[in-house]
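Asker: So the chains spell out like this:
Protein chains: 2
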Amino acid sequence: MIAIDWGTSSLRCYRLDARGNILESRASSYGILNVAPGQFPRVLDEQIAGWNETPIVMSGMVGSRQGWVEAPYVECPAGFDEIARGLKEVSWNKRRAWIVPGVLCRGAVPDVMRGEEVQVLGVGQDGLFCLPGTHSKRVEVRNARIERFSTHMTGEVYAVLKQHSILGRMMEEGKPDPRAFGEGVRRSGEAGGLLHQLFGVRAKGLMGELDGAASASYLSGLLIGHELRSYDVRNVYLLGAPELVKLYARAAEALGIETHALEPTAGTRALHRLGVMLRAKEES
Amino acid sequence: MIAIDWGTSSLRCYRLDARGNILESRASSYGILNVAPGQFPRVLDEQIAGWNETPIVMSGMVGSRQGWVEAPYVECPAGFDEIARGLKEVSWNKRRAWIVPGVLCRGAVPDVMRGEEVQVLGVGQDGLFCLPGTHSKRVEVRNARIERFSTHMTGEVYAVLKQHSILGRMMEEGKPDPRAFGEGVRRSGEAGGLLHQLFGVRAKGLMGELDGAASASYLSGLLIGHELRSYDVRNVYLLGAPELVKLYARAAEALGIETHALEPTAGTRALHRLGVMLRAKEES
Numbered sequence: 001m002i003a004i005d006w007g008t009s010s011l012r013c014y015r016l017d018a019r020g021n022i023l024e025s026r027a028s029s030y031g032i033l034n035v036a037p038g039q040f041p042r043v044l045d046e047q048i049a050g051w052n053e054t055p056i057v058m059s060g061m062v063g064s065r066q067g068w069v070e071a072p073y074v075e076c077p078a079g080f081d082e083i084a085r086g087l088k089e090v091s092w093n094k095r096r097a098w099i100v101p102g103v104l105c106r107g108a109v110p111d112v113m114r115g116e117e118v119q120v121l122g123v124g125q126d127g128l129f130c131l132p133g134t135h136s137k138r139v140e141v142r143n144a145r146i147e148r149f150s151t152h153m154t155g156e157v158y159a160v161l162k163q164h165s166i167l168g169r170m171m172e173e174g175k176p177d178p179r180a181f182g183e184g185v186r187r188s189g190e191a192g193g194l195l196h197q198l199f200g201v202r203a204k205g206l207m208g209e210l211d212g213a214a215s216a217s218y219l220s221g222l223l224i225g226h227e228l229r230s231y232d233v234r235n236v237y238l239l240g241a242p243e244l245v246k247l248y249a250r251a252a253e254a255l256g257i258e259t260h261a262l263e264p265t266a267g268t269r270a271l272h273r274l275g276v277m278l279r280a281k282e283e284s
Numbered sequence: 001m002i003a004i005d006w007g008t009s010s011l012r013c014y015r016l017d018a019r020g021n022i023l024e025s026r027a028s029s030y031g032i033l034n035v036a037p038g039q040f041p042r043v044l045d046e047q048i049a050g051w052n053e054t055p056i057v058m059s060g061m062v063g064s065r066q067g068w069v070e071a072p073y074v075e076c077p078a079g080f081d082e083i084a085r086g087l088k089e090v091s092w093n094k095r096r097a098w099i100v101p102g103v104l105c106r107g108a109v110p111d112v113m114r115g116e117e118v119q120v121l122g123v124g125q126d127g128l129f130c131l132p133g134t135h136s137k138r139v140e141v142r143n144a145r146i147e148r149f150s151t152h153m154t155g156e157v158y159a160v161l162k163q164h165s166i167l168g169r170m171m172e173e174g175k176p177d178p179r180a181f182g183e184g185v186r187r188s189g190e191a192g193g194l195l196h197q198l199f200g201v202r203a204k205g206l207m208g209e210l211d212g213a214a215s216a217s218y219l220s221g222l223l224i225g226h227e228l229r230s231y232d233v234r235n236v237y238l239l240g241a242p243e244l245v246k247l248y249a250r251a252a253e254a255l256g257i258e259t260h261a262l263e264p265t266a267g268t269r270a271l272h273r274l275g276v277m278l279r280a281k282e283e284s
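Top line first, the protein sequences correspond to chains A and B.
The numbering used here applies: residue 1 is where the first sequence begins, and numbers increase by one.
The numbering used here applies: residue 1 is where the second sequence begins, and numbers increase by one.
By construction, these hints were calculated from the structure, which means they are not laboratory data.
Since the model is a prediction, treat every value here as computed from it, not as a measurement.
We treat Cβ as the ideally placed atom computed from N, Cα and C, and that holds for glycine.
Hints may contain errors.
Chain B side only, calculated, beta carbon under 10 Å to chain A, not exhaustive [as the list claims (entries may be wrong)]:
#1 Leu-128
#2 Ser-150
#3 Glu-190
#4 Lys-204
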């Protein structure tokens, strides 16, 4: 079968064997923001040229309103069965593919994910998962189903403050500063709230307590500290890019949270399982 | 005398009578960011052309490292005496002027202000003051001295998220929506923390619970709510631009905080008093 991870800024294609092992993979920058409406079939044909396996199962923002076609969210709690029932079929020329629905968590305020659900379910384990990133996800899995989750804009807030706020003006490229990062993590637990603590990045800079490179690390520690302090757990699985996972593990350790880093390759395993379920259904 | 409020983006000049009443005022966009190094005397001469009163007392970012000359911070607690002792004299051609020092609040993390100190002390009243803005200030005045204060990046975080984050993408210009604003204020007290609640702006938009104009009001309520919840008081004087003061008053009311709006003209009164102190000192 073919497993596709089609996100906002990248498109990753995997050819899998019958047991779900990756035989071949191709990546490109044709994320959905770089694909014109109506061009999704053409782009996919090009990317998987020469691969004839079926079924094709795709996850990520390709199923959003801005993607190929919208695959409506399934609601929590959501496991493989609920997601398989929500698969959205698309067809073009003589081919077809299935798009994995996103997951919706109702609560005081709704929350949504697209793509993270396959990464988490692919691990095949209950527990609390943290997927750090632009929009970090805190995901609770119980009885092999996503019970509930929350999104934290940690990575995006870091990026916009660094690039567009007064805090970024005194930041300089430089080696990450673990001491300043740890100081930011500690600071995140003190009084005054995040909006106040953010200004401390500037005030400490003005007072000569933080230099240009250290202030970026301090800001990062402050934000990651705020995210993790809201978790209210003692054990977290970390799933994501190794650099980010390392930072989160360091912050969590300072907060007395035990972490376990997982390989971020579980997504294809979940897509493979969905492919097997699809084939079983078609054959029955 | 002449009172000058010289900030980052504007320069306001006031000619005062002996009792501190404003006889004439001039404003321009020659904030310190629009004045080249070395050009401060020329710009001031142009702006106060024809005014010959003395002394000239200036407050605001003109005393920062990027301003005319740095007027080192005086430490809290700081009242008129401490600030008068920290006045920094500058002279050019046959004129001279005094720059009001900023105030420094030491604590776990330092905090700083430049310009707000004269606005607050000019009121001539003890209490807790909130000066909403790009960098809002929460200021405690006791025995006519600034006892301590904290800065909250509320306004700047709102602006950068609106202009540069994914939250801004679905926002539209439109009339402020008081209902959505109130909902944001309430939301700011719920679980998950600010970084999580920010993503709710997007998720509510995706679910059709917020339209483009309402989402900006909701974000504003969320941020102002976070700032005010960290205040931990029941009574606040609001001092600032009328539009912002109105928003803060509405949020405070929802949180059970009593507010009193003050006219934001106290700054010239404080500069006048400093001028009187200067003259008394010179005559003694």
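Asker: Next, verify each hint and record whether it holds.
Answerer: Structure-based check of all given hints:
1. Leu-128: 14 Å, violated
2. Ser-150: 5 Å, holds
3. Glu-190: 6 Å, holds
4. Lys-204: Since the shortest Cβ distance to chain A is 6 Å, the answer is holds.
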